[in-house]
Every structure is written in structure tokens, then in C-alpha cells.
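So the sequence lines, in the order shown, correspond to chains L and F. Note that our numbering has the first sequence beginning at 30, numbered continuously upward. Note that our numbering has the second sequence beginning at 30, numbered continuously upward.
I should point out that these hints are in silico values taken from the structure, not numbers from a laboratory. Watch out, some of these pointers could steer you wrong.
If several chains are the same, the list does not tell them apart, and a pair holds so long as it fits within one copy or across any two.
What the hints assert, rightly or not - List of simulated lysine-lysine pairs, DSS-like, C-alpha gap at most 30 angstroms:
{"#": "1", "residue 1": "K367", "residue 2": "K167"}
{"#": "2", "residue 1": "K367", "residue 2": "K82"}
{"#": "3", "residue 1": "K367", "residue 2": "K148"}
2 protein chains.
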Amino acid sequence: MRSSRAHTIQRMAFSFEVHATAEGGGRRGQLTLPHGVVETPVFMPVGTAASVKAVPQSLLEEIGAGGKGAQIILANTYHLYLRPGHELVRRMGGVHRFMSWERPMLTDSGGFQVFSLSKLRKVTADGVEFRSHLDGSKHFFSPEHSMDVQIALGADIAMVFDECVETPASWERTRESMGLTHAWAQRSKDHFELHKHLVPWSQAAPDVSPGNAASEGKAAFEGKTQSLFGIVQGGMYADLRKESAERLVEMDLPGYAIGGLAVGEPREVTREMIARTLEILPKDRPRYVMGVGYPDEIEEYARMGVDMMDCVLPTRAGRHGLLFAQGEDGSLVRMNIKRREYAEDQGPIDATCGCMVCARYTRAYLRHLFVAGEPLGLTLNSVHNLHFYLATMERLRTELRADPV
Amino acid sequence: MRSSRAHTIQRMAFSFEVHATAEGGGRRGQLTLPHGVVETPVFMPVGTAASVKAVPQSLLEEIGAGGKGAQIILANTYHLYLRPGHELVRRMGGVHRFMSWERPMLTDSGGFQVFSLSKLRKVTADGVEFRSHLDGSKHFFSPEHSMDVQIALGADIAMVFDECVETPASWERTRESMGLTHAWAQRSKDHFELHKHLVPWSQAAPDVSPGNAASEGKAAFEGKTQSLFGIVQGGMYADLRKESAERLVEMDLPGYAIGGLAVGEPREVTREMIARTLEILPKDRPRYVMGVGYPDEIEEYARMGVDMMDCVLPTRAGRHGLLFAQGEDGSLVRMNIKRREYAEDQGPIDATCGCMVCARYTRAYLRHLFVAGEPLGLTLNSVHNLHFYLATMERLRTELRADPV
Chain L
30 MRSSRAHTIQ RMAFSFEVHA TAEGGGRRGQ LTLPHGVVET PVFMPVGTAA SVKAVPQSLL
90 EEIGAGGKGA QIILANTYHL YLRPGHELVR RMGGVHRFMS WERPMLTDSG GFQVFSLSKL
150 RKVTADGVEF RSHLDGSKHF FSPEHSMDVQ IALGADIAMV FDECVETPAS WERTRESMGL
210 THAWAQRSKD HFELHKHLVP WSQAAPDVSP GNAASEGKAA FEGKTQSLFG IVQGGMYADL
270 RKESAERLVE MDLPGYAIGG LAVGEPREVT REMIARTLEI LPKDRPRYVM GVGYPDEIEE
330 YARMGVDMMD CVLPTRAGRH GLLFAQGEDG SLVRMNIKRR EYAEDQGPID ATCGCMVCAR
390 YTRAYLRHLF VAGEPLGLTL NSVHNLHFYL ATMERLRTEL RADPV
Chain F
30 MRSSRAHTIQ RMAFSFEVHA TAEGGGRRGQ LTLPHGVVET PVFMPVGTAA SVKAVPQSLL
90 EEIGAGGKGA QIILANTYHL YLRPGHELVR RMGGVHRFMS WERPMLTDSG GFQVFSLSKL
150 RKVTADGVEF RSHLDGSKHF FSPEHSMDVQ IALGADIAMV FDECVETPAS WERTRESMGL
210 THAWAQRSKD HFELHKHLVP WSQAAPDVSP GNAASEGKAA FEGKTQSLFG IVQGGMYADL
270 RKESAERLVE MDLPGYAIGG LAVGEPREVT REMIARTLEI LPKDRPRYVM GVGYPDEIEE
330 YARMGVDMMD CVLPTRAGRH GLLFAQGEDG SLVRMNIKRR EYAEDQGPID ATCGCMVCAR
390 YTRAYLRHLF VAGEPLGLTL NSVHNLHFYL ATMERLRTEL RADPV
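Starting from the given sequences, assemble the full structure and let the hints guide the process.
Here is the structure:
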């Protein structure tokens with residue numbers, strides 16, 4: 030079945046237009062946010078603590094096909110809340126200005142990191158009490174607090190606060206957790222709507238001090254605010270995913286994420302959960318799968334109709350010497366650069382790759398940097414892998430453009 | 030006294046021309062090497078293991094006044110000998126090609142690292158037996174072996190193999206060590222002259238394999254070889270420095286370094302030793318002080334007539350959060366970026382600095398990167414400090430140009 034309708038959602042400071050829907054459900058779109066326009070499907074590099082690890086912003090603006098750079102990046106609410114603190118980031122004018130990244134950004138809600146990193150969590154209907162993974166200090170996150178933190182950070186897109194269930198989890202346990210996630214989503218939305226005018230780059234936000242950098246350039250953002258996306262949970266149960274998606278859609282949010290995947294389940298299950306959820310989500314809203322995946326996975330999910338994805342894999346794998354390349358038959362090659370066979374290999378990582386690393390450096394040199402523990406290796410490996418992800422998405426967007434609308 | 034003579038030395042693949050000699054002895058020059066022209070006085074960033082730590086080559090080509098980048102960098106023979114091995118680097122076409130740096134380079138002799146890093150050294154008239162700081166494996170360096178290793182690496186300038194004496198050392202111990210250094214200098218020169226045609230980028234060098242990258246582009250280097258510089262020792266004794274300089278000058282080398290300084294002695298002593306040595310060294314040869322120093326030191330020594338300097342300080346200090354800036358009165362400011370006072374400082378490191386870091390990032394962000402242990406902090410701090418050093422030299426060259434010749 031080939032659908033050719035164009036779907037559009039337009040709101041203040043947020044619009045999403047789907048240009049084409051291809052066989053299988055893959056679609057091209059354009060997401061307009063306060064800090065710029067994002068062509069979808071899009072992969073978002075992760076800038077955990079307001080830095081895409083080991084990659085200078087100037088290089089991040091140049092990677093990907095055509096040297097256009099990353100269109101949108103992600104930052105982690107949990108990490109920035111703990112260090113340097115969201116109130117400090119607010120006083121610096123928000124996370125864009127703090128890290129000097131004037132393109133779109135997204136913050137997660139902190140829920141996943143509270144679940145995966147912090148110690149001694151105690152979940153109640155009200156929220157989560159936890160201890161910092163950095164110093165053991167005690168903290169409390171509620172939906173309202175997550176919204177306050179994310180508004181202070183001021184990314185273009187914020188996420189509702191959700192609970193992530195451990196895996197595997199029983200149907201009953203998963204359904205119970207999902208109920209909490211839905212209640213928290215509504216509380217997140219209610220609190221966000223009441224306080225979204227406080228985003229640091231909003232004209233309505235009070236200036237911290239006269240002459241503060243945060244007060245400059247606000248005119249460009251007149252009337253604009255962040256957008257809040259919902260998160261579908263439901264573990265590995267198709268019926269719960271369906272129920273969760275239906276409940277979230279009732280809340281009429283501008284975009285929807287599919288959370289709680291890629292936590293150790295088989296890839297067939299990930300695919301099935303995404304497929305079942307996409308059936309329910311409205312076609313005129315961006316659909317975002319959180320925390321996936323390998324390059325062949327992000328391509329597959331984008332062909333199914335996913336518009337946004339993020340993952341630490343390109344940078345984390347790069348720091349561990351795992352590089353992605355394209356095989357002669359078009360298949361994905363995973364190259365462990367520390368292997369002895371590359372010690373005198375004068376070829377680039379990937380002869381078909383157009384990135385600045387493949388244009389300049391040999392496998393032999395990259396292996397040497399890795400083996401010698403040179404910090405430059407972290408940077409070059411991360412730049413190549415990010416380019417590989419962004420170029421994959423660019424190629425896919427071109428293909429989807431070519432499809433008849 | 031103002032000297033206005035122009036001194037010139039011209040040899041195959043090496044020329045040095047001194048354009049002006051200013052009051053105090055400072056002079057502008059131009060050093061022509063196989064891989065390019067170097068304006069002196071020059072500061073050489075240190076690329077220990079074929080990487081200026083944490084700085085991509087593309088940024089290294091853009092730092093400094095006017096975005097001209099580093100003119101020449103240094104690599105360490107000891108480190109590259111141990112890892113990845115000089116024979117591997119030779120097969121890759123030499124260190125320029127291995128690390129993709131097509132501008133001039135210099136290698137030290139390995140003597141200083143054998144002295145400061147390795148374990149269980151045993152010095153004989155023949156050479157030094159030592160154990161690797163990496164894995165404890167046993168190695169032997171003689172003047173002849175240092176030459177073979179440096180010819181395999183193929184930097185534009187190689188250094189004679191010297192012994193570095195511990196500090197403090199008695200006059201007798203220093204003189205004995207100096208004698209060894211002189212004998213080794215002669216042996217270095219003799220061996221170098223016999224084997225310099227084997228440098229990987231020389232047309233005379235045998236190709237490792239047909240079609241090997243090392244065989245490309247050799248025409249540009251027709252008839253050119255490396256240049257071997259001498260090293261003056263003599264510890265902290267003016268009479269020994271004088272004797273050492275005289276002995277080295279008799280060997281008629283194309284350039285002379287002053288070694289064994291900045292090893293813990295007071296700065297007045299460093300200055301005195303440099304001044305006494307410069308009196309002896311010929312005016313038509315480049316004079317190179319090894320391993321110095323703080324920005325105000327390199328400026329001071331350049332004003333005394335030193336043409337070349339290198340130091341790990343800008344990059345090492347940067348990695349430890351120590352940043353250099355210019356105070357309002359022109360004095361040197363040492364800024365410890367991890368201090369709490371910078372946590373919300375929206376200014377750049379140095380408002381008068383033209384580097385890419387000061388143009389884009391705040392002290393608050395750099396402090397955050399350092400405190401959070403983000404690898405990007407290593408890169409940005411190193412780039413700023415290197416720019417500060419290179420801009421200092423550029424300013425000085427402009428001043429010296431303005432002096433009448």
C-alpha cells in the first residue's frame with residue numbers, strides 16, 4: 030500500500046510537514062523549531078553533558094553529507110541537572126547559548142538516567158527519589174521538577190517525565206509502570222503549559238540580570254516556546270504498547286516518542302513494538318524512537334516511518350575503537366581499529382566515505398592513536414562514526430524524496 | 030649595540046637567512062626546509078607520539094595569528110621508536126605522511142626521554158641500555174641507532190644523540206657527561222652523513238613495495254635530505270657551556286640547540302646559560318633552545334636571539350586546566366579554569382585573543398567541560414594555549430621586522 034497524503038501540523042513555534050510517504054511507511058518531513066529547521070528522518074547525536082563527547086562544535090557543524098553538519102543534537106537532563114546545574118544553565122541563557130550551539134536541540138526527561146545510572150531509587154506516585162551517581166547526594170525528580178529543569182535548559186523539544194521499567198518485566202509490572210507513566214505525562218503537560226513562557230530565550234522570561242547575555246537576541250524568538258513530546262511505554266507487550274499510544278494520543282501532544290526499547294531485547298521484538306506503536310500514532314506528528322541503534326537499525330526504522338532517532342552508539346563505539354563502514358555489497362561493516370591487521374593499512378576507514386577523517390587519515394594512523402591512548406583518536410573515531418550515521422540518513426531522505434507523493 | 034648585518038647559510042635542502050638583528054640580539058629569519066618555509070623566531074608545538082595531544086591536524090593548521098597555523102611541529106623519537114616503531118613509520122612513508130602533516134617537522138634524539146622516562150638506564154661510552162616505560166622491555170640506543178631511527182621517521186630536522194645529566198650535578202660529573210655528548214655528536218654526524226639518503230621521502234631511498242604510498246610524490250624532494258642539528262650541553266656551568274658550544278661549532282652543523290635547560294634550575298640560571306652559549310654560536314645558524322617554556326620566557330629568549338623553541342607546556346597545561354591570557358597591563362595571566370569563580374563567567378578566556386576558542390566559548394563552559402571531565406575540554410584548552418604561544422611569536426616577528434636592518 031502506498032500512501033500519498035501530505036500531513037501537516039502547525040503550532041506556535043512548531044510545525045511539522047510530511048512531504049512523502051513511501052512504500053513500507055517511510056516518509057520525508059520537515060520539522061520547524063525555534064532554533065531552525067530539521068529535515069526528517071533525522072539522527073540526533075547525543076551531547077550528554079552539553080558536549081557531543083570529544084567533538085568540537087565546529088566539526089559537528091561540518092560532518093554529514095555535503096558538510097551540512099548535525100541538524101539537531103540531544104542533551105541529557107539528568108547529567109546537566111547534576112552538573113553544572115540547570116539554574117546555572119538558565120542564568121547562562123539556556124543550553125544552546127551555554128555550549129554555543131545555535132541549532133535545534135532536544136532534552137530527554139531524566140527518567141531513563143535516573144533508572145539506569147542513579148543508585149537507591151525509590152519510586153512513588155509522586156516521583157522518584159534517587160542518589161547521584163557522581164557523589165551519592167540525594168535528589169527527587171517529579172514530573173513537575175523535570176519540566177522545571179527542562180524549561181531552564183531551554184532545548185527546542187522537551188520530553189515528558191516517564192518511568193522506565195526493568196527488563197524483562199512481567200505484563201502486570203509493565204502495565205502498572207505504564208499507568209504511572211501516563212499519569213506523569215499528564216502532570217508533565219499541565220506543568221509545562223503553565224511555565225513554558227519561562228524558557229530563557231523567551232521574551233516573557235525575566236532577565237537574570239541587566240546586560241546578561243541571556244537577554245540578547247530574544248527578539249528572534251518572539252512568541253516561541255519549547256515543544257513537549259510524549260513517550261509511549263508498554264515494555265515488550267504489543268497490547269500495552271497499543272494502550273499506551275492511545276492514552277498519549279488523547280493528550281494531543283505535538284510529537285510522540287517510543288521509549289523503553291533497545292534495553293536488551295531481541296531486535297525482532299524492538300521492530301515489532303515499533304511497528305505496533307506506529308499504527309496508533311497520528312500521521313501528522315513526528316515519531317521518535319529513543320536510544321537506537323546500529324546504522325542498519327536506524328535505516329530500517331526510518332523506512333518503517335520513524336522520523337527521529339538518537340543514540341550514544343556512534344560516539345561511544347568510536348571511543349572504544351569500533352568504526353562503521355560500508356561493505357562492497359552495501360552491508361554494514363564493523364571495524365575494530367585496534368586489530369593488528371590495520372597496523373600498516375594505508376587505506377581510509379571507508380573508501381566510499383566522504384568524511385574529513387577518511388579524506389585525511391589512514392587506518393594505520395587511527396590504529397596507532399587508539400593503541401597509544403592518544404585523545405585525538407577519540408575525536409577522529411567519533412567524527413567518522415557520526416558522519417556515517419548522518420550520511421545514512423541523508424541518503425535515505427534523498428531516496429524518500431524520489432518516491433512519488 | 031645594534032647589528033644590522035644579514036647572515037645567511039645555504040645548503041642543499043636547507044637555508045637560513047637572518048633578516049634583521051634587533052637591539053638585545055633578537056632577530057627575524059627564514060628557515061627553508063624540505064617540507065616548507067619557517068619564519069623565525071618560531072615556537073614548535075610538541076606532537077609526542079605523532080599527535081599534538083588532543084588537537085586535530087586541521088585545527089593545528091588554523092591556529093595562531095591570521096589563522097596560518099603551526100609552521101613546524103616536533104615529534105619524539107623515543108616514543109615513536111617504542112610505538113608504533115620507526116620501521117613501521119618508515120614503511121608508511123615517514124612521520125609526515127603517517128600523521129598527515131605536510132609541513133616541517135623536527136625529531137629529538139631520544140636522549141632526553143631515555144633519561145627522564147625509561148627505567149634502569151645503563152650508560153656506557155657506546156650508548157645507553159634502558160627499559161621501556163611502557164612494558165619494561167630492554168632496548169639500546171647509540172648515536173648510530175638514534176640516527177637510523179630518526180632517518181626512518183624522516184623529519185626535516187634531526188638532532189644528534191646526547192646524554193642529559195641529572196640536576197643538580199657537580200662540575201666534574203657535568204664535564205664528563207659533556208665529553209660523552211661531544212663524542213656522540215661526532216658519531217651522530219658521521220653516521221648521518223653516510224645514511225641520510227635513506228630518508229623515506231628521498232628519491233634515493235629504496236621503495237618498500239611497488240605502489241606503496243611512500244613512493245608517491247618523491248619528485249618534490251629531489252636531492253633533498255634531512256638536516257642534523259647539534260646540541261650544546263654543559264649543565265649550569267658557564268665555562269662548560271662555552272667549551273661545549275665551541276666543540277660543537279667545530280663540527281660545522283647547520284644548526285645548534287641548547288639542551289639540558291629548564292630541568293628545575295632558577296630562571297636566572299637558564300637565562301645566563303642561554304646568553305653565554307649564544308655568544309659562541311655562529312650568527313648564520315639557527316639557534317634552538319629545547320624544552321622551554323612559559324609564554325613570557327619564550328618571548329624573552331627570542332628577544333635574546335633564540336630562533337627556535339619547543340615545549341609541551343601549552344598542551345600539557347591545557348589538559349590540566351591551566352590557561353594563558355594577557356593581562357590588561359600586557360603581563361602574563363595564568364588562569365586555572367577549574368576555579369569556582371569562572372563557573373558563571375560569560376567572558377572568553379582572553380578578550381584580546383583571536384583564537385577559535387575565545388571567539389566561541391565562555392569561561393563558564395570551559396570550566397564545566399573541565400569539571401565534568403569532558404574530552405572536548407582537552408582540545409579547546411590546548412588549542413587556546415597553542416594559539417597564545419604562536420600569536421606571541423607572530424607579534425614578536427612583526428616587531429623585529431619593524432626594526433631597521
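Evaluated hints:
1. In this homomeric assembly, K367 and K167 come within 30 angstroms of each other (Cα to Cα) only across copies, at 24 angstroms, whereas the closest approach inside a single copy is 40 angstroms.
2. With identical chains, the CA atoms of K367 and K82 are at most 30 angstroms apart both within one copy (20 angstroms) and between copies (19 angstroms).
3. Taking CA atoms no more than 30 angstroms apart as the test, K367 paired with K148 passes between copies only; the shortest distance there is 27 angstroms, against 34 angstroms inside one copy.
The structure shown violates none of the earlier numbered hints.
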